[in-house]
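Undergrad: For the protein sequence lines, the chains are D and E, in the order given. In terms of our numbering, the first sequence is numbered consecutively and its last residue is 1139. In terms of our numbering, the second sequence is numbered consecutively and its last residue is 1139.
Heads up, some of the hints might be wrong.
Identical chains share a label here; the pair holds if one copy fits it or two copies do between them.
Unchecked claim - Dumping the calculated DSSO-like pairs for lysine-lysine here, alpha-carbon to alpha-carbon at most 27 Å:
(1) Lys-1020 with Lys-1131
(2) Lys-1020 with Lys-1105
(3) Lys-1024 with Lys-1127
(4) Lys-1105 with Lys-1131
(5) Lys-1127 with Lys-1103
(6) Lys-1103 with Lys-1024
(7) Lys-1131 with Lys-1103
These are computed hints drawn from the structure, not numbers from a lab. This one's a predicted model, so the numbers in the text were calculated from it and none came from an experiment.
2 protein chains.
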Amino acid sequence: MTEQEIRRVYLDDLAVGDRFISRTCALDAADVKAFAKSFDPQPFHLEETAAERSFFGGLAASGWHTAAITMRLMVESVPFSDGLIGAGVEISWPRPVRPGDALHAESVITGIVFSKSKIDRGFVTLQTDTFNQRQEQVQKLVSKLLVFRRPG
Amino acid sequence: MTEQEIRRVYLDDLAVGDRFISRTCALDAADVKAFAKSFDPQPFHLEETAAERSFFGGLAASGWHTAAITMRLMVESVPFSDGLIGAGVEISWPRPVRPGDALHAESVITGIVFSKSKIDRGFVTLQTDTFNQRQEQVQKLVSKLLVFRRPG
């Protein structure tokens, strides 16, 4: 198969238990602060001294930054035919991401439901765990994704 | 009260039903593509022609972009004393955000639980609905937030 063919994985090709492992993505203090400045401008994401006095005890990435990096890693590692189209998600952040961390995402299919009303599609439940370089979990994400069946 | 005092709202000061309305934040096609390039590089977030042929029928913002903008609006409008510290969230995206949309977020407290083991804190459940300029809902977010009690 060509690379393009390999990437076109349809709902019919998927099974509960299928796993997808991403590459690793590192982030530094400048990345943490840049994301926070745009989207989550709180002291513990922006400035070391204020962060040390906060609940986090030091500079920590916004959970939304962790989620966005995880999405990037999922787009690269989960090869559904028409892309990753999320209907809804649940997220928890069991521990903070720190500058210098290197993250990777491990996804597993935990559910597949074919639509009864629209026969060309269905929903896949995908659990994606994000880990740092010490294999400590920094995010748990459960996504409900719209996935299309093979045409014809 | 000084502005700093006004912003220090503790768990003791909050009640179910309290509402917080944000300012409006507009985004354009360049914003949509820039976020997507960094965090969600899929054709329907990156390029108009490909987007028209996709499920979205035109360029659409990444759901994670909508979530990040909503966080920015929450940070500015929800004045909890030690910031917005999320333990976990649920999100759904009932319709896409388009270039040119102007978003605002309406938050309401739906639950308050005081911690039994740590008497200085508790958890607030906050429902945040994000709307476009036509008052169409583009995101539903339910957050479980760690909030501290007034010291002493």
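Undergrad: Hint by hint, say whether it matches the structure.
TA: Taking the hints in turn, this is what the structure says about them:
Proximity of Lys-1020 and Lys-1131 under a CA criterion of 27 Å is satisfied inter-copy only: 24 Å between copies versus 30 Å inside one chain copy. Neither within a single protomer nor between protomers do Lys-1020 and Lys-1105 lie at most 27 Å apart by alpha-carbon distance, with minima of 44 Å and 30 Å respectively. In this assembly of identical chains, Lys-1024 and Lys-1127 lie within 27 Å of each other by CA distance both inside one copy and across copies; the values are 24 Å within and 23 Å between. Taking the closest pair of Cα atoms, Lys-1105 and Lys-1131 come within 27 Å of each other only inside a single copy of the chain (16 Å); across copies the shortest separation is 34 Å, beyond that limit.
For a Cα distance limit of 27 Å, the shortest separation of Lys-1127 from Lys-1103 across copies, 25 Å, qualifies, whereas the shortest one inside one copy, 29 Å, does not. In the homo-oligomer, the alpha carbons of Lys-1103 and Lys-1024 never lie at most 27 Å apart, since the shortest distance is 44 Å inside one protomer and 35 Å across protomers. In this assembly of identical chains, Lys-1131 and Lys-1103 lie within 27 Å of each other by CA distance solely inside one copy; the values are 16 Å within and 34 Å between copies.
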